[in-house]
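Q: Listed below, chain by chain, are the residues.
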Amino acid sequence: MQAHVTIIRATRGWRGVNIKELIHYKDLLWFLTVRGIKAKYAQSVLGVSWAVIQPLFSTLVFTIIFGNLARIDSNGVPYFLFSLVGLVPWTFFANTLTDSANSLIANSAMINKVYFPRLVLPLSSILSKGVDFLIGFLLLVGFLIWYQILPSWEIVLLPWLIGVLLMTSLGIGMILSAMAVQYRDVKHAMSFAVQLLMYAAPVVYPTTNVPLPYQFAYSLNPMVGVIEGFRSVFLHTIPFPYVWMLTGTGVSLLLFVFSLFYFRRMERVFADVA
Amino acid sequence: MAEPVIRVEQLGKKYRIGKAEKKADTIAGAILNGLKSPWTNLKQIQNLSKLDEDDDSIFWALRDVSFEVQEGEVLGIIGHNGAGKSTLLKILSQITEPSLGEVRIHGRVAALLEVGTGFHPELTGRENIYMNGTILGMTKKEINRKLDEIVDFSGVEKYLDTPVKFYSSGMRVRLGFAVAAHLEPEILIIDEVLSVGDAEFQKKCLGKMEDVSKNGRTVLFVSHNMTAVQNLCHKGVVLKNGIVKYNGPIEEAVHAYLGEYSNQKKELLANGQQEFENDHIRFISARILNQKTIETTDDINLKFSFEYKGTDTPLLDVTYHLVDEMNTLVFVGTSGYELNVRPIQKQLTFQCIIPGNLLYEGNYKLARLLFVRDKGFMLLNINDALSFDVIPSGTGNFGWMGKRQGVVKPKLKWTSHT
Chain A
1 MQAHVTIIRA TRGWRGVNIK ELIHYKDLLW FLTVRGIKAK YAQSVLGVSW
51 AVIQPLFSTL VFTIIFGNLA RIDSNGVPYF LFSLVGLVPW TFFANTLTDS
101 ANSLIANSAM INKVYFPRLV LPLSSILSKG VDFLIGFLLL VGFLIWYQIL
151 PSWEIVLLPW LIGVLLMTSL GIGMILSAMA VQYRDVKHAM SFAVQLLMYA
201 APVVYPTTNV PLPYQFAYSL NPMVGVIEGF RSVFLHTIPF PYVWMLTGTG
251 VSLLLFVFSL FYFRRMERVF ADVA
Chain B
1 MAEPVIRVEQ LGKKYRIGKA EKKADTIAGA ILNGLKSPWT NLKQIQNLSK
51 LDEDDDSIFW ALRDVSFEVQ EGEVLGIIGH NGAGKSTLLK ILSQITEPSL
101 GEVRIHGRVA ALLEVGTGFH PELTGRENIY MNGTILGMTK KEINRKLDEI
151 VDFSGVEKYL DTPVKFYSSG MRVRLGFAVA AHLEPEILII DEVLSVGDAE
201 FQKKCLGKME DVSKNGRTVL FVSHNMTAVQ NLCHKGVVLK NGIVKYNGPI
251 EEAVHAYLGE YSNQKKELLA NGQQEFENDH IRFISARILN QKTIETTDDI
301 NLKFSFEYKG TDTPLLDVTY HLVDEMNTLV FVGTSGYELN VRPIQKQLTF
351 QCIIPGNLLY EGNYKLARLL FVRDKGFMLL NINDALSFDV IPSGTGNFGW
401 MGKRQGVVKP KLKWTSHT
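Just so you know, the sequences run in chain order A and B. Under the numbering used here, the first residue of the first sequence is numbered 1, with each subsequent residue one higher. Under the numbering used here, the first residue of the second sequence is numbered 1, with each subsequent residue one higher.
I should point out that these hints are in silico values taken from the structure, not numbers from a laboratory. Some clues are possibly wrong.
Unchecked claim - Here are the computed lysine-lysine pairs in the PhoX-like style, where the Cα-Cα straight-line distance is at most 20 Å: (1) B:292 / A:38; (2) B:303 / B:346; (3) B:240 / B:14; (4) B:292 / B:303; (5) B:292 / B:265; (6) B:240 / B:204; (7) A:20 / B:140; (8) A:38 / A:20; (9) B:14 / A:26; (10) A:20 / B:265; (11) B:266 / B:309; (12) B:292 / B:266; (13) B:309 / B:265; (14) B:346 / B:309; (15) A:40 / B:265; (16) A:26 / B:140; (17) B:165 / A:38.
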């Protein structure tokens, strides 16, 4: 029994993630994810259908307002498809942000009573949103079949797109969740910030509408590459945006690595201030 | 001596309180502080020459705490609310970091600071078993293996697939404890989770706890229940205001705690306070004359002194309401039942003996102390006049926790004829 020695003392500064420990708690991650999904759709008539309704109705409203009334350019494809393809990854991103930002506060009772790697909380809230994403994605595929559009060969790059999407959501989510423990402002800000942020990404309009000199700065937002990448693959709007994707990948990688260290740094005060 | 399983060395934990250097907890506040920062920075630099620890915004929840626990030992941690017990537990279970010092633990730790952590009302009992179990560090495999036992122990198999929100609170606690009881750590840290559930279930839990300690596993047990502590633990650490006041054999630890650090009030003196005097009565003192800690078998001697200010000579008596920790009225003691006293002298003294073998162990209070004339007219009322602890006498303890049932524990005269 002497094999397992724990030393508890004050730690300082930045520290890395304890991967071994995280693996030991993989079952907790799994059950928290399941809990997130089940609790969300418990005692609701439509249940998981809500994952379809949310992007579908947003798309319809956007199509009427931005497509038909404002006549925003949609790179030559039906505006309905244009915004749906943008909304599927965006809805995932927006929902995970709100959810993971609240994940630590919502579970502060747990944080105060049991030790476990705190990282599983934002991780699980992102994973449980993955189900919604999958459903939204299937909806999208359904419409693509309906419209008889074949994806381009770049569909093999889909894992890259989804990888950047995940990394960005997780990165920002972790930073926000750690901040929210101390600054409850995050919680208040999230609900409308997410709505406003949508206009900083090409969800209702195409990136080609952004003046050329500003396009690089614009593409520092990793969601630009992701959304335009989705559109390029499924709707052939523009050639695959390698440049945007590369900048986006760089930014989201930096974000992700920073967020891991930031989270670990803040982690030690969670129980004291939560 | 072998290497201790747990070694705590000079552990300290400070919290920042007060407004002197309050850390902003909203961003707006942080910005405001940012605007004021040159001023606060100046103050901080000024403070550098002073000792950091004299800063009155720093509160030491624990200070210089050191002790060791050997393998197989059961250590009780006792102390009042705010003594630092919970902070110590939180550090030992890695929920929070210490500010100073070090803890070295050999072996796998399970800390039980709460029953049913992570339960979600919308999930079924079965799902919550997995939820709670994995939070406590078990793997899915382990839980699969023990599921039947856990369900059996909890006694809720009928409702296993019902969402927990439809459970009674008792059922929830039972389910939570059932999961916790099937942890198999080398070191178990338990907060006062035992004070929950009905009597029968408690017995079950305590049996399980005894098994754990008998299996030679190391247990740290935090409790207010001195009977439970005395019966389970070998050694005790008494904390007061974050400092270790006593560390040694459990009997002495309990005595040290009760004798010096409990909330007993064995004497009440008037000291010229206004509320203890009116036109009729001047209260002088109330005392418990017992010198040692009171055991269940001991008589308790009470003495009351007061002055009657009137010029007539009515019948006077002293009456008190004795209540237990739960504020249940145990009895009303009235001298008027036994004595007819008239104030021939101005100053009067009443003495009362509560016989031994009557009260349970625990804390008692004279919730009301009344001075009454002519068996019905109240002259003066003093609230919470005295309070005292009664500890088990060491003999005749019945059951592991001394789980009390009923209000009193009289010594009855039994005979049997065969």
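Q: Checked against the structure, which of the hints given earlier come out wrong?
A: Of the numbered hints given earlier, those the structure breaks are 1, 6, 8, 9, 10, 11, 13 and 15, listed in rising order.
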